[in-house]
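Novice: Could you build all of it, start to finish, from the sequences and the hints given here?
Protein chains in written order, with this note's numbering: chain A, 1 to 288; chain B, 1 to 298; chain C, 1 to 324.
Just so you know, the hints here were simulated from the structure itself, not pulled from any lab data. Here the structure is a predicted model, which is why all the values come from computation and not from measurement. Possibly wrong hints are sitting among the right ones.
On the chain C side, residues computed to face chain A include the following (Cβ under 10 Å) [claimed, not checked]:
| id | residue |
| --- | --- |
| 1 | Q220 |
| 2 | V223 |
| 3 | L224 |
| 4 | G230 |
| 5 | E240 |
| 6 | A245 |
| 7 | G247 |
| 8 | R287 |
Some chain A residues flagged as far from chain C (calculated, every beta-carbon gap over 12 Å) [unchecked claim]:
| id | residue |
| --- | --- |
| 9 | N66 |
| 10 | L121 |
| 11 | A251 |
Every residue, glycine too, gets a C-beta built ideally from N, C-alpha and C.
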Amino acid sequence: MSEVLLGVHSLSVRADGGQRILRDVSFDLAPGEVHGLVGESGAGKSTLVKVILGILPRSMVRTGGNVVYCGRDLFTLPAPAFRALLGSEIALIPQDPLTALNPGRRIDAQLTDGFRLKQRLSWRDAEARAVTLLEEVHIREPRRVMRSYPHELSGGMRQRVLIAAAFALDPKLIIADEPTTALDVTVQKQILRLIHGMQERHRTALVFVTHDLGVVAQICDTTSVMYMGKVMEQGPTERLLAAPRHPYTTALIAANPRHDRPESGLKPIPAAVIAAMRAEIAAGDANG
Amino acid sequence: MSDATFVKPAVGRRGGGSAVVKRLVRDRKVVVAGGYILLLVVLAIFAPAIAPVDPLAQDLSNAETPPVGFSGAIPDFLLGTDDLGRDVLSRAIFGARIAITVAFIAASLAAALGTLLGLLAGWYGRSIDNLVSRLVDVWMSFPAVLLSILLVAILGSGLDSVIAAIVVIDWTRFCRVVRTATMAQARMDYVTAARAIGFRRGAILVREILPNVIPVLIALLTLEMGIAVIVEAILSFVGLSVSSDTPTWGGMIAQGRQIVHEAWWVMTVPLLLLCATVIAFNQLGDGLTRALDPVLRR
Amino acid sequence: MAVITLFGVAVVVFCLLRVVPGDPVAMMVGPAASAADIAALRAHYGLDGPLPLQFLTWLKAALVGDFGTSITRHQSVLSILGAYLPATIELAFSALLVAILLGGATAVVATLLRQHRTSAAIDALNGVFLALPDFIWALILVLAFGVAVPLLPLTGRIDPSIDVPFATNFLLMESIITGRFAVAGNIAAHMAMPTLALALPLAAVIARVLRQALNEAMVQDYVLLARIKGMSELRLILHEALRNAVGPTLALTGVQATFLIGGTVVVERIFAYPGIGNLAIEAVINRDFPLIQGLVLMFGLIFILINIAVDLTVVALNPRLRHV
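Specialist: Below you can see the structure in the form of structure tokens.
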């Protein structure tokens, strides 16, 4: 990992009340690579995404660390320069396709935003590019979809549209925030394959947020396992899954229902593991 | 969860009252607005004692005297005189009598009528509800100002007609809100419980539902008083309120409007009072809503 | 439904007017007239015969546009309405336009500044505008721009010294279309204060409701995503949030537009503006029954039309409703 596209260094975030949300989170991402952020709900994955994208809610404060993109510290970047990066170089695939499309605008308007705003293309050129994009995400009848409003499309279709929009300007970095969680199980796999395929073809670096280790195994090069805002274990995905070093990772792997062994079922995380982790985190808090 | 709805929200009962008063006293806007209204009531009641001059006394030699502080002012007439040399201050004080009377009587009567119909429509539903709702719809499809002018023209001018016109027009405000609130209360489990015990419907309406509708009603009533003051002023302005020898703010404004270039103060003084009164009733109403709102209270 | 409402209004007004004390015909002819003269006049104005019959006669004529003859003006009610209505339409439409622009701009600015201290000040100020009705604003404007800083004419619709022929009674529209901008300017100056008086309370309502709707829209996921597309705050409000906020705002404030029409009555009176509102007060004071009936029906009709227009616009603005 010589070249670093996105570097997250010792990032810490606290809520208004003082409780820690992120504890000293670091990871590096090389161009074209996929980094997985795994954890249960409340592990701080979404907050991490929000910090990177500069949309941290007012109820939270960054208390330390920085995010470096292409050698530039995102937090010291002036707002217009940051806005210029967003969309054209950094994009997001959101979690819930049902709420992430504007119900009042047609798909063509929403999909061509980037072309018209950032690349100053004419409406016709932008439209042609958008149609190509829709074909690339395997949408049949792209012209009809272009003229539709979001409520006329299914959840899977909407997620495809959102994926198309994220890849529209060929960004160097895409953050996928649990992009399959809100979808039907059958659609989930298709969407996952689609994102993976697009990522490889466009050589886009991807931060993939999920609570599903199975997904991580499929597409992530490196992975961070998070708990209560702290990275418990980090490393190449293959190594991490094959030889987990942290008991929590082991427990997570055990808890994950595997498609090859569905009868194994869900195993809860052992209480002893949780207790040990909490002690570890508390000790870290006391030192920091 | 459903257990909670069996416990009747004790709004309007003695237990909640002192807490509401405490919240009101702490609300600065409410204190200022309430103080102003109180002052206005005192002025209205004791107008003959407080007003420096007889509001009807004409003094043509001192016509259109500007208020104190402007050149040509006479200290006897603190806020100046009109084109007939009548004291603006005294007339404004006497004008408060009509304004306050209309505010309290008209708003209360409109509230009584609207609440009665709203309770009946919301509680008994079916044909009564249909009839009342339709009536409200037709009523609201009329321009209120036009309707009031029409009514006063039909009934003949005078204080009674003004009050009648306001009641006849604005009962719908209360009716709609009370109907909705009643329907919401009627769905509560405590009402079902009361019925299961065997209370008669009418008894439940008066004893269980009415107390819970009252907070909404009080806030609405206060707002309505502000509206009543305005309607009275408009009718006086048009010349359809009380006879022209009784000083009213609307009448003073109409008169002042004619001589606005010669004596702007004749119109300005009652206009300021009118503004202040409307805003005060509004603030009081909003404050009451805040203080009585059972949701915010928790 | 609309027709039933209108019919109900007609019946109520008709009955109310007939039971009033005070005989307009007797008032008109004076004490010297003979009984036969009065009877003849009654017949002429459709004021004889039993009440239901009077109503039927009136209704039959009204359906073909004949609202009778004004008692005081001795002209057909329809022609009087035709002469006065355009003035009110021009006034109401410009007030509506100003209210939408003012209210919309206030809401957008307040949303833009929603994390800033000034937004509380905007809200407080808006509260004052909400509390004060058009009647008070009209008088405040009279004092402000008619007396303190005498910029604008206080009464009328057009300077009496301007003597240009008009083909229609839509004076402002006509002079703009025909390119007589000096005349249009003069008319606009006359309309400025009544327009503003009518617009301000409505603008305050629009500002408050739209602000609320915008605030709700701004925290939606699609706005967040658009922000991540690198859109500026203003663009987010105007392009993403506004179109979803306008529908609910219109549904909630559309009825308020009818208050604006009601407001023309007293505002036109204050500025001696020759519209149907001013006419209505005059007709009521003179007990001109045929004219009052015509006017009330006209107001009823305008109200119904506004409600229909609001409903249609709400549907047109919501893609979900539009396609079913």
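Novice: Now look at each hint and say whether the structure bears it out.
Specialist: Hints, verified against the model:
A distance limit of 10 Å between C-beta atoms decides the matter here; for C:Q220 the minimum to chain A is near 6 Å, and the interface restraint holds. About 8 Å separates the beta-carbon of C:V223 from the nearest beta-carbon of chain A, less than 10 Å, and the hint is met. A distance limit of 10 Å between C-beta atoms decides the matter here; for C:L224 the minimum to chain A is near 6 Å, and the interface restraint holds. Taking 10 Å as the C-beta contact cut-off toward chain A, the hint placing C:G230 at the interface holds, the least distance being around 4 Å.
Hint on C:E240 holds. Least Cβ distance to chain A is approximately 6 Å, under the 10 Å limit. A hinted interface residue such as C:A245 counts as satisfied when its beta carbon comes closer than 10 Å to some beta carbon of chain A; here the least separation is about 9 Å, so the hint holds. For C:G247, the interface hint holds, the least distance from its beta-carbon to any beta-carbon of chain A being 8 Å, beneath 10 Å. With its C-beta approaching chain A no nearer than about 52 Å, C:R287 sits outside the 10 Å limit, and its interface hint is violated.
Consistency note on A:N66: stated as away from chain C, and its beta-carbon is indeed over 12 Å from all of that chain's, at 19 Å minimum. With a least beta-carbon separation of about 15 Å from chain C, A:L121 lies farther than 12 Å from that chain, consistent with its non-interface assignment. With a least CB separation of 32 Å from chain C, A:A251 remains clear of the 12 Å interface cut-off, as annotated.
Against the hints set out earlier in the document, a violation occurs for number 8 only.
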